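Q: The task is simple: from the sequences and hints, build the whole structure.
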Amino acid sequence: MADYSSLDIRQRSASTETPPAIRSHMEVAKLIDVSKCIGCKACQAACEEWNDLREDIGVNVGVYDNPHDLTPKSWTLMRFAEYENEGTGNLEWLIRKDGCMHCTDPGCLKACPSPGAIVQYSNGIVDFIEEACIGCGYCVKGCPFNIPRISEKDHKAYKCTLCSDRVAVGQAPACAKACPTGAIMFGTKEAMIEQAHDRIEDLQSRGFDKAGLYDPAGVGGTHVMYVLHHADKPGLYSGLPTDPKISPLVAFWKGGAKVFGLATMGFAAVAGFFHYITAGPNEVEAAEEEEAIEMEDKARARDETEARPH
Amino acid sequence: MTIHTDVRDDRSHVLHEVKVETPEILLVPRYTGVQRVNHWITAILFTLLGLSGLAMFTPFLFFLSGLFGGGQATRAIHPWFGVFLMASFAILFLRFWRLNLPNRDDVEWSMKIKDVVTNREDRLPELGKYNAGQKGVFWGQTVLIGIMFVTGLVIWDQYFYQYTTIDTKRWAVLAHSLAAVIAIAIIFVHIYAGIWVRGTGRAMVRGTVTGGWAYRHHRKWLRQLVGTKTRHGSTDKHGS
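Same order as they appear, the protein sequences are chains S and V. Mapping to the working numbering: the first sequence position 27 is 306, numbers consecutive. Mapping to the working numbering: the second sequence position 83 is 93, numbers consecutive.
No wet-lab data here; the hints were simulated from the structure. All of these numbers come straight from a predicted model, not from anything done at the bench. Check each hint, because a few of them may be wrong.
With a straight-line Cα cutoff of 25 Å, these simulated DSS-like cross-link-like pairs (lysine-lysine) come out [as the list claims (entries may be wrong)]:
| # | chain 1 | residue 1 | chain 2 | residue 2 |
| --- | --- | --- | --- | --- |
| 1 | S | Lys-315 | S | Lys-512 |
| 2 | V | Lys-230 | S | Lys-577 |
| 3 | S | Lys-489 | S | Lys-512 |
| 4 | S | Lys-320 | S | Lys-352 |
| 5 | V | Lys-139 | V | Lys-122 |
| 6 | S | Lys-577 | V | Lys-139 |
A: This is the structure in structure tokens:
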């Protein structure tokens, strides 16, 4: 979303200016307790409602996921996975609310070439500022969770804003507000971690001994966290990455490659200048012009001799 | 009748004398008009691609996007410049690849690179139309433009997003940017060589070089040209 006037910025894409830092801010987080989710999609409806989005009518491909994937108009999506637990013999329906994880170290922001098109507020929310977005799709390549989507209509990137506009005025995100089972909670990151530990303790006491919190360290932690019953196997939840981090390709492209590039181009230009002021220009000498004329004259003379009849 | 007095009159005589002393100069055709147009279209597109691409490469140069009407417009037009450059360069390639095949002289020339950069032309072997440096620019650009074209398609999300995985696109965008900076560095050397080696520019601007230039830098080519010219009694229109 576009309006960030009431929030301080911690990081701004493609910018070298130091953001304001004197105010201390609490980090916020959304905690999604997958074990409490019933897959009602109220969060999806609330997201569309609050953000004034209307997904196009799609088609059913035989699964509950609707729509099939995140889109520029669907910023959150319930992903349904069936899991046959060999240990208990139970069929488990693992429903994960997918969407932006609001990484502390956001790959999208790191990849973005347009100044200020992606910002991270001091409360941890990562937001796309569509006015500045150029539609290059670099954020898609930077994201370790495959979240941003580029609209074919306006060629701009969209994703969950964590309802930054609501959070800025002290409200919880629309999805958290709408969730009927309390599976989506919102508060300070500290409080959410505490809440998660209570839930994990409860789950562990009821047989889910691998229950745990998903707050991946590879991206510096996230501001959307999951309580998973099988925290040892995040991949079960429709391919949630086990150890997400910014791809080394992206890290090099945005780090070493930039330095290498500017150094290589700069060196080529500077080397030329210094060569010129030391070696000087390579000039043709008058004698060489004469040699060339002589060479042509000789060739012509030879030609005429050959052409003369005997 | 008015008599015009001109302060330059005093000097006109001197100027005239200088003119008389100017030695006769042989002009040798090096590039045809079509070849020059082909080269300069490629050069203009390369410049536009470089400026628009660098805008997206580093925040320090994002301001260059202003030249193309802003970030969105830069993003949209950059790949189209690329398509046209590819077409233009392909024609250039077909024209010149044969002349750029390496030979023994290139090895010797490369070994004496120290004499090359210190303008000791007298110590270098006689060369055909191109020296190893020029051939290096040709093949370097061929490979790098090829890489940039293919990887450019992979990251042209507007039309080709669905055909590759995100990880492939990450490889592509990295290779694209590395190839680009190397290509730009090579072009800097290419442009500098044109400034450093006097008399070179006229080959691509007027189509001809002086006999002395050809004698100094590409004597084998000049010998061949002079031979062909007299034998067939006409100038070599292809400049080869």
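Q: Which numbered hints turn out to be false for this structure?
A: none
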